Each structure stands twice: as C-alpha cells, then as structure tokens.
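*Asks:* Construct all of the structure, not just a fragment, from the sequences and the given hints.
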Amino acid sequence: MQTQSSQELLTQERYGAIVRSISGDAQVNLRDWLFYRDDEVIGQLAPHLNPVHFAESWANHRGMLDGLGLRLALSNRTLHQAKLPNDLVGSLVFEVLEQIRVESICPAGMIGAKENLRLHFIAWLNQFMATGNTEGSIGLLLLAIFGGTWSRMNNAPLPQLMQDTIEIPRAELYVTTGTLLEKLKRLRYDQEKYSEVALELASFVSNLVQKEYENVPSIRIKRKNLNQTRLPIVWEFSDKQRHPVAANSLFSNSHTSEELQYQHELKRYRVFDRSHDQEIKPFDTIRLAQLVSFREEMDHQIQRWSIPWSRLIKVYTPLFCAPNASGVESAEEGVLNRKLLSRIVTSNNPSSVYQTVYLKPKPTASVTFLIDCSGSMKEQRVIMASWIDVMVKILDKIGVPTEVLGYSTMSWQGGRCFKQWQLAGKPDNPGRLNEAAHWVFKDFNSSWRQARLGLAAMLKPDIYRESIDGEALQWAVARSNQESSKRMSTSSNPIEQNIVLLSDGCPMDRATQQANDENYLIDHLKLVLKWSEHQANTTIWGCGVGQEMRGFFKRKLSWNKDDSIIQSILAWADEFKRQR
Numbered sequence: 095m096q097t098q099s100s101q102e103l104l105t106q107e108r109y110g111a112i113v114r115s116i117s118g119d120a121q122v123n124l125r126d127w128l129f130y131r132d133d134e135v136i137g138q139l140a141p142h143l144n145p146v147h148f149a150e151s152w153a154n155h156r157g158m159l160d161g162l163g164l165r166l167a168l169s170n171r172t173l174h175q176a177k178l179p180n181d182l183v184g185s186l187v188f189e190v191l192e193q194i195r196v197e198s199i200c201p202a203g204m205i206g207a208k209e210n211l212r213l214h215f216i217a218w219l220n221q222f223m224a225t226g227n228t229e230g231s232i233g234l235l236l237l238a239i240f241g242g243t244w245s246r247m248n249n250a251p252l253p254q255l256m257q258d259t260i261e262i263p264r265a266e267l268y269v270t271t272g273t274l275l276e277k278l279k280r281l282r283y284d285q286e287k288y289s290e291v292a293l294e295l296a297s298f299v300s301n302l303v304q305k306e307y308e309n310v311p312s313i314r315i316k317r318k319n320l321n322q323t324r325l326p327i328v329w330e331f332s333d334k335q336r337h338p339v340a341a342n343s344l345f346s347n348s349h350t351s352e353e354l355q356y357q358h359e360l361k362r363y364r365v366f367d368r369s370h371d372q373e374i375k376p377f378d379t380i381r382l383a384q385l386v387s388f389r390e391e392m393d394h395q396i397q398r399w400s401i402p403w404s405r406l407i408k409v410y411t412p413l414f415c416a417p418n419a420s421g422v423e424s425a426e427e428g429v430l431n432r433k434l435l436s437r438i439v440t441s442n443n444p445s446s447v448y449q450t451v452y453l454k455p456k457p458t459a460s461v462t463f464l465i466d467c468s469g470s471m472k473e474q475r476v477i478m479a480s481w482i483d484v485m486v487k488i489l490d491k492i493g494v495p496t497e498v499l500g501y502s503t504m505s506w507q508g509g510r511c512f513k514q515w516q517l518a519g520k521p522d523n524p525g526r527l528n529e530a531a532h533w534v535f536k537d538f539n540s541s542w543r544q545a546r547l548g549l550a551a552m553l554k555p556d557i558y559r560e561s562i563d564g565e566a567l568q569w570a571v572a573r574s575n576q577e578s579s580k581r582m583s584t585s586s587n588p589i590e591q592n593i594v595l596l597s598d599g600c601p602m603d604r605a606t607q608q609a610n611d612e613n614y615l616i617d618h619l620k621l622v623l624k625w626s627e628h629q630a631n632t633t634i635w636g637c638g639v640g641q642e643m644r645g646f647f648k649r650k651l652s653w654n655k656d657d658s659i660i661q662s663i664l665a666w667a668d669e670f671k672r673q674r
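In short: position in the sequence shown from 1, add 94, done, that's the working numbering.
Take these hints with a grain of salt, some might be off.
[Stated by the list, open to error] Cut-off 25 Å, straight-line C-alpha distance, at most; resulting in silico cross-link-like pairs (PhoX-like, lysine-lysine):
1. Lys671 <-> Lys648
2. Lys487 <-> Lys655
3. Lys580 <-> Lys454
4. Lys655 <-> Lys671
5. Lys279 <-> Lys177
6. Lys487 <-> Lys580
7. Lys177 <-> Lys277
8. Lys208 <-> Lys279
9. Lys456 <-> Lys487
10. Lys305 <-> Lys177
[Unchecked claim] Across the chosen pairs, the derived CB separations fall in these ranges:
11. Gln397 <-> Ile205: 53 to 61 Å
12. Asp119 <-> Asn144: 15 to 23 Å
13. Ser404 <-> Ser436: 36 to 44 Å
14. Lys361 <-> Ser387: 38 to 46 Å
15. Gln397 <-> Gln221: 50 to 58 Å
16. Gln673 <-> His394: 27 to 35 Å
No lab work stands behind these hints: they were computed from the structure. Bear in mind the structure is a predicted one, so any value in this text is a computation, not a measurement. Here a beta-carbon is modelled for each residue, glycine too, at the ideal position from N, C-alpha and C.
*Replies:* Next up, the structure:
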C-alpha cells in the first residue's frame with residue numbers, strides 16, 4: 095500500500111483548520127495536499143498559492159494558508175470567473191492581481207497574517223528570480239508587473255536586488271501602468287470596479303507578449319527567442335475542477351447532494367454479465383490444511399510484534415464504546431444503600447453501606463475492513479493480514495462487531511465474461527467485463543476466535559488478481575447496513591458504521607478499461623464514495639489508497655511501513671478520534 099504517515103495526515107488537518115478559521119468556510123479541507131471545498135478541488139489559485147509549494151523549502155506555509163483563507167473570504171468567485179480573460183497570459187495576470195488585492199485588504203487586526211503574506215509573496219518573487227526566470231523577456235515583464243503592483247498596493251518596498259532588476263522595465267511601463275496601478279489601489283475594496291482595471295492591465299501585458307514576435311523579422315531569431323520568452327510559470331486557466339466523475343464520463347456531473355440523484359447515477363453503471371460473479375467463503379474453496387498452514391504463518395508474524403493487548407484495548411474502548419449503566423456496586427462514597435444500614439453498627443468499616451452505578455462499555459459502532467485483493471497487494475499480504483487480525487482481535491475484546499471482506503476478480507483480463515462479449519460482436523461501452531470475486535474472510539456473526547482460519551485465507555496468493563473497487567464498496571456498505579438494521583431492532587440507538595478501505599491504488603481491470611472509457615471504474619468509485627456519504631451513520635475511511643483517489647476520501651488512515659506495528663495502531667486510534 096502507498097505510504098502516508100500519521101504526521102502528514104495531522105499536518106493536512108491542521109492546515110485545513112487554519113484556512114477554515116480565516117475563510118469561515120466549514121467545507122474547506124486539505125486532502126492529499128490539494129485544497130477541497132466539499133469534493134471539488136479549489137482550482138485556479140494564484141501561482142504563489144499552488145499547493146506544490148508546500149514541498150519547497152523557501153515557501154512560507156502560513157502565508158499560503160492565510161492567503162487562501164482571505165481569498166475565500168474576501169473575493170467573489172462568481173464575479174471573478176465572469177471577468178477572467180480567455181488567454182493564458184491575461185488570465186495569469188488577472189488572477190495574481192486579484193490575489194494581491196485580497197492580501198492588501200487583510201484586516202488591520204490580523205498583524206501576523208499580514209506579515210506571513212508579505213514574507214511568502216517576497217519569497218516567491220525571490221525564488222522566481224533565483225531560478226533564472228528573469229533572463230527571458232516575459233519573466234522580466236511579469237516580475238515588474240507583479241512586484242510593482244504588490245509594492246504599490248501594500249505601500250511596502252521590494253528587496254533592493256529586485257528593485258534593481260526591474261528598474262528599467264518598470265520605468266518603460268510606467269507611462270501606461272502608472273495610472274492603472276493608482277486606480278487599482280484606490281478601488282481595492284470594490285472587487286467589481288477593481289476587476290475592470292485589472293482586466294485592462296492584464297490585456298495590456300498580454301498584448302505586449304504577443305507583439306514581441308511581430309517585430310522580429312528573422313525566423314531564426316524567433317526560434318532562438320522562443321525559449322527565452324516562454325511563460326515561466328506553470329499555469330492553467332481552464333479552472334479544471336475534480337468533480338465526483340470526470341467531464342467525459344458516462345456518468346453525469348451533477349452537483350446535487352440528494353441521495354436519490356446518486357442512486358440514479360449509479361444505475362448508469364453497467365455490467366455485461368453477472369452470472370459468473372461469486373461471493374466466496376474461505377472454507378468453501380480452500381483446503382483446511384492450507385488454512386491451518388496460513389494461520390501458523392500469521393501467528394508467527396504477530397508473535398514477533400509483541401503486541402501490548404491490554405494497552406491497545408484500553409485505547410480503543412472509548413473510541414467505539416460508550417459507558418452504560420450495568421448495575422450497582424459497593425463503594426467508599428456514593429448513594430446510601432438502605433438495605434445495608436445495619437452495617438453501621440455491626441461493621442468496623444461502615445463505608446460499605448454506599449453504592450455507585452457500575453458502568454460497563456457498550457459498543458456503539460461496527461467496523462468493516464474492506465481489503466483490495468489486487469495483484470499489487472500480494473507482496474504485502476502477510477503484513478496486511480496480520481495487521482487486520484490484530485485489529486479484529488482488539489475490537490472483538492471490547493465487543494465491537496467487525497467484518498473482514500476482500501474483493502478481486504475470478505480471472506485475469508476478463509475471463510468468461512470477456513469472451514462472451516467478444517462472441518456478441520464487441521458492442522460499444524459494455525460496462526464491466528470481468529467476473530467479480532467478493533471474499534468474506536469474517537462476518538459480523540463470527541468472533542475473532544471463530545474466524546481465525548477464515549482470516550488466514552488472506553495469505554492465499556492466487557486470490558490476488560484485479561480489482562473493481564466501486565462495486566466492492568457498495569457491497570460492503572449494503573452488508574453493514576443489513577447488520578445495523580438487525581441491531582437496531584433490539585436497540586433504539588443507531589450504530590455508527592465504519593468501513594475501512596485498504597488499497598494501494600485505483601480500480602484496475604484491463605478488459606473493462608479497454609472496452610470502455612479508461613476512467614470508467616475510477617469514476618464509478620468516486621460516485622459510490624459520494625453515495626456512501628449519504629448513507630445514514632456510515633463513515634468511509636481510506637488507507638494506503640493511490641494518489642489519484644486519495645483526495646476523494648474525506649477521512650484517511652495512515653500507513654507507514656517504517657513505523658512499528660504498535661506505533662501504527664496507536665496512530666490509527668488517534669486518527670479515528672480526530673476525524674470522526
């Protein structure tokens with residue numbers, strides 16, 4: 095599975111909290127080092143706010159976070175998008191000018207934020223110069239425009255070296271830009287009027303770049319200058335958003351949050367033939383002697399870890415259980431027990447006449463572990479299976495219902511389903527073209543001790559083939575809902591259903607991808623995740639998932655192979671607590 099440390103998750107949670115506190119937008123989060131509002135990436139940020147800079151040593155992280163928070167709080171996105179130019183250079187300049195406006199009107203009381211913003215913007219311009227971007231004409235022009243505008247809007251000087259670098263182009267541009275910069279400063283509290291002037295300045299810069307080639311007669315010189323006049327900032331002005339499904343998907347791109355809408359969209363997912371799909375229990379397909387051998391291998395691995403069971407049980411009990419009155423017991427203080435009043439006379443220790451309510455932990459949640467049994471997970475199956483076995487045992491000790499499921503395919507590259515599609519003349523967009531295999535390693539009705547051999551089936555190598563994640567997640571949610579309904583019939587309190595998806599990548603079935611859109615399975619998984627969020631009392635957790643999907647899991651659990659097993663289990667407990 096792909097590594098993502100507990101510290102990395104904690105840092106992203108803290109950064110998201112900072113942006114939420116400044117912007118006042120409770121839906122903003124930082125997931126996989128991308129900013130999201132609900133499930134949409136907050137795209138088209140000014141270049142110095144690009145989240146890739148979190149990995150750069152020069153960046154001021156608080157300056158980036160404060161800048162984004164102010165942008166969300168003080169800028170009308172709809173108005174900004176309506177004014178945005180359609181060309182590359184114009185849109186870049188317009189975007190940076192709007193961010194400079196927002197940062198320049200930072201409330202006076204936010205002294206620390208203003209300093210963070212200043213430090214980061216200057217650091218970005220310094221890095222821009224240090225990487226040689228001002229050697230070309232476009233880079234020098236952008237530095238003059240951005241640096242000059244920022245200095246004017248904030249009444250703050252630029253570093254001396256930067257002033258020397260842009261002195262000549264700044265003087266040449268002053269005839270046109272001087273008046274525009276003065277208007278920008280005067281109108282900075284009125285976004286609509288400010289945007290008109292910013293649009294004029296952006297158009298001016300864009301025209302300068304375009305005219306540069308028109309005055310160069312030699313094709314050789316044009317080609318020579320091409321490398322020196324390229325746009326030195328990585329920038330996309332299409333404002334691409336990561337919706338639950340891709341724009342070219344067979345599924346629609348509706349933004350509605352209604353559960354019925356997601357159910358309707360899920361019906362558009364097709365399966366060419368379900369007749370070969372199987373739900374498998376280990377004892378039905380694996381010899382008992384082989385399961386015993388697998389179990390011995392798991393036990394040997396767990397024994398090497400020296401698990402402190404009592405400590406971990408104590409840590410996990412308050413996470414999934416609530417105190418429940420289970421009777422009374424004698425105590426040194428509490429409520430007087432009238433039946434024992436005679437002890438005041440007959441006993442040398444009259445404290446025994448008091449009683450208190452005895453509280454016993456009562457499970458309030460269930461946990462389903464959904465394991466990706468794709469081929470790439472095969473090498474980690476011993477560690478993963480042993481890890482899950484430890485977690486199941488801990489939860490079993492505190493009475494939390496658990497289920498361990500796995501998903502794979504019956505064949506590589508389609509199998510019988512793919513052959514039937516070929517015989518049918520290869521119709522377009524056939525949907526899923528493989529035989530789904532859903533493994534039940536442990537069900538809710540089995541205790542850890544009863545399921546010991548079933549859990550050992552995760553070590554069988556040949557069950558690891560391809561993966562169809564979306565259908566597997568729907569299946570796991572349906573089983574969890576069914577178990578919750580059974581328990582609700584005997585208890586009035588709802589059961590919190592937790593489903594932990596452990597994977598190392600994205601859905602992968604070659605036959606399905608070749609016959610449909612390549613994002614067909616990924617888009618379906620994204621849609622299932624959205625649908626799952628609207629299931630009552632259901633929480634989905636991602637662990638080790640691939641980078642392409644990681645941002646779509648609102649709650650994630652760390653996986654770091656360099657940490658000890660005890661550290662990792664304690665980290666999970668902390669993450670369960672923080673993200674619920």
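*Asks:* Is it true that the CA of Lys655 sits at most 25 Å from the CA of Lys671?
*Replies:* 22 Å, holds
*Asks:* Would you mind confirming whether the straight-line C-alpha gap from Lys487 to Lys655 stays at or under 25 Å?
*Replies:* 21 Å, holds
*Asks:* Starting from the hint 50 to 58 Å, judge whether the C-beta atoms of Gln397 and Gln221 obey it.
*Replies:* Holds, at about 52 Å.
*Asks:* Please test the hint of 36 to 44 Å on the beta carbon pair from Ser404 and Ser436.
*Replies:* Cβ of Ser404 to Cβ of Ser436: about 39 Å, so the range 36 to 44 Å holds.
*Asks:* Are Lys487 and Lys580 close enough, with their CA atoms no more than 25 Å apart?
*Replies:* 22 Å, holds
*Asks:* Would the hint linking Lys580 and Lys454 be met if the CA-CA limit is 25 Å?
*Replies:* 22 Å, holds
*Asks:* Are the Cα atoms of Lys208 and Lys279 separated by 25 Å or less?
*Replies:* Since the Cα atoms of Lys208 and Lys279 sit roughly 17 Å apart, the hinted pair holds (cutoff 25 Å).
*Asks:* Is the gap between the beta carbons of Lys361 and Ser387 within 38 to 46 Å?
*Replies:* 44 Å, holds
*Asks:* Do the alpha carbons of Lys456 and Lys487 lie within 25 Å of each other, as the hint requires?
*Replies:* OK: Lys456 and Lys487 at ~17 Å, within 25 Å.
*Asks:* Does the alpha-carbon distance linking Lys279 and Lys177 stay inside the 25 Å limit?
*Replies:* Answer holds: Lys279 to Lys177 is near 19 Å, not above 25 Å.
*Asks:* When you check the alpha-carbon spacing of Lys671 and Lys648, does it fall within 25 Å?
*Replies:* 14 Å, holds
*Asks:* If I claimed the Cβ atoms of Gln397 and Ile205 lie 53 to 61 Å apart, would that claim hold in this structure?
*Replies:* 57 Å, holds
Violation of the numbered hints given earlier is absent; every hint is satisfied by the structure.
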